[in-house]
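Fit chain B to the supplied structure of chain A, relying on the hints for placement.
Protein sequences, first through last, are from chains A and B. Each number in the working numbering comes from the position in the first sequence (counting from 1) with 254 added on. Each number in the working numbering comes from the position in the second sequence (counting from 1) with 113 added on.
Do not rely on the hints blindly, as some may be mistaken.
[What the hints assert, rightly or not] Facing chain B, from chain A, some residues (calculated, C-beta under 7 Å): (1) Trp277; (2) Met293; (3) Met300; (4) Val425.
[To be verified] With beta-carbon atoms standing in for the labels, derived distance ranges: (5) B:Lys249 x A:Ser350: 54 to 62 Å; (6) B:Glu171 x A:Gly386: 44 to 52 Å; (7) A:Arg342 x B:Lys314: 50 to 58 Å; (8) B:Thr218 x A:Leu379: 42 to 50 Å; (9) B:Leu227 x A:Leu351: 55 to 63 Å; (10) A:Asn302 x B:Glu176: 36 to 44 Å; (11) B:Val333 x A:Lys276: 27 to 35 Å; (12) B:Arg340 x A:Met338: 32 to 40 Å; (13) B:Pro283 x A:Val280: 24 to 32 Å; (14) A:Phe493 x B:Ile217: 48 to 56 Å; (15) B:Gln187 x A:Arg355: 52 to 60 Å; (16) B:Glu169 x A:Ser350: 47 to 55 Å; (17) A:Val280 x B:Asn315: 53 to 61 Å; (18) A:Phe464 x B:Lys314: 41 to 49 Å.
Hints are computed from structural coordinates only; laboratory data are not their basis. Just so it is clear, CB atoms sit at the ideal spot from N, CA and C, and this is done for glycine as well.
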Amino acid sequence: MAVKRHILYILENDFRNFFRYKWWLVGLISMNLADLFIMAIVYNRMLNPEIAKQLKSYFDFFAPGLTVTGLFASAFMIGREVNMEKRREYHQYLLSLPMSRLELAFGRVLSGGLRGMMYMSPLLLTCFVFVGFPTLIQLLIILCVLSFLATGISGLSIATAVSTRSIDKFVTARGLIYYLLFFCSSVFYPFSLIEQLGREGKFPTFLVLFARINPLSNAADLIRSFLLGTPPFSPEMVFSVLVFSAVFTGVAAFAYIKLIERA
Amino acid sequence: MVIMRAIWFVSQIAFFGLIASRMVVVEDYFRYYVSGLSVMTLYSAAIFIGFDIYEEAEHGVFEYLLSLPVSRRQLVLGRSIGGGLRAFIYVGPLMCIALYVVGITNPLNFLVALFALFLFAFGVSGLSITLAVVIKSSDRFDILMGVLDALIVRLSTAMYPLSFVEEANPFYGWIANLNPVTYASELFRWGVGIESALSFKNPLLPLLGIVLFFSFFLFVGVVLYERTIEGGGWR
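Next up, chain A with everything else stripped away, as it sits in the complex (with noise of 0.2 Å):
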């Protein structure tokens, strides 16, 4: 009981400072928005004639990957806090409060996620309303997958937090782990066409099998695979998330109870 009302307080703190965030997220929200009403829509009217067999419209195409991009983003602000919290040491704090390590670290995980999944709700049901709506048991399978995803996602923010001295060197971790899991992915694009460049040799063979495996690929394309029929569901899309959300959970837990202990 105590544990679950320790977790609790920190959900609560974590969930007041993500408010404190509120400009920072309408520039997020107009992002997206502009990104789903507009550039999605241009490009609707650019598809070439073989990828628009394929997909019929890149606006219904688009909206499951953007709530994913959405998730990503906000589950990922987590890791910008607890690095300005070493910084400042402010941890120290967080570390003399009553209650265990484990505690503090699987609070702090789970908050980063939550706060992913309270930012993406409004997108997914934007896309549910443009796209169509799943039945109850996919939308609870998308929910629970979501969850974990952003749980991972969370937990990689934080693992990338304490493992940089500098906001500078944060920032480019950042950086480099947004685009790479953003652009080498089926969030924009369908899979086929990184497979096809695959093959053509102007795409490396890793680079390839890492948009294979990303979770946000996987979480988008399960989305897909419920509302549009396309990619055909396979189990394999909620293994990756799970796989990648108790990784990521398992170290960012280690990493942030071992680390700011020794800040």
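Showing chain B alone in chain A's frame:
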């Protein structure tokens, strides 16, 4: 900020530009996109001067600047040109990468385009200074810049030709027609010789648009700066 933008720029070229060029019908889309990307980066870098103004205000540097033996007009003109030049220095290496990728066919056209891009960067700095001085709240400025960045880039021809924007939505097309980012992107493409998907057949039109944009924001910036900063009016 510089590193973050550089990573963004390179990954946009290496991933998005390369893959998206296979997805669309636009001829030579990879080169088209890389040119637009350079203009988007220049815009983002030039807009940053507004954030500096808030930082200066917070640290008391603003009063120091006002006490210098230069007129307000010279001050705002200097800030606009400084902001634009700074953006150019920052974007320079990235633009070299872009030029390596797209190539230059007519150096003379490119020089004209480069001159227009200078004016564009000064104009964007002027716009940023104008908004920073008018809004007076760093939070509101931050959000406005975020929204403006989202809209001004997407409602331009930086990423796609004007005909497709107009086809998607005539209102979007109308805005893209009046958007300075469109003018800068078109001139850059004309300068490097990507003429297949140019939206304006006559390069003088976007050049005129850039000159008007630059003059307007320089004028408005000077007037507002002079009117709002005296007696602590910028607070």
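Inset, instruction - Check each numbered hint from earlier against the structure, then list the numbers of those it violates in ascending order. - result: 5, 10, 16, 17
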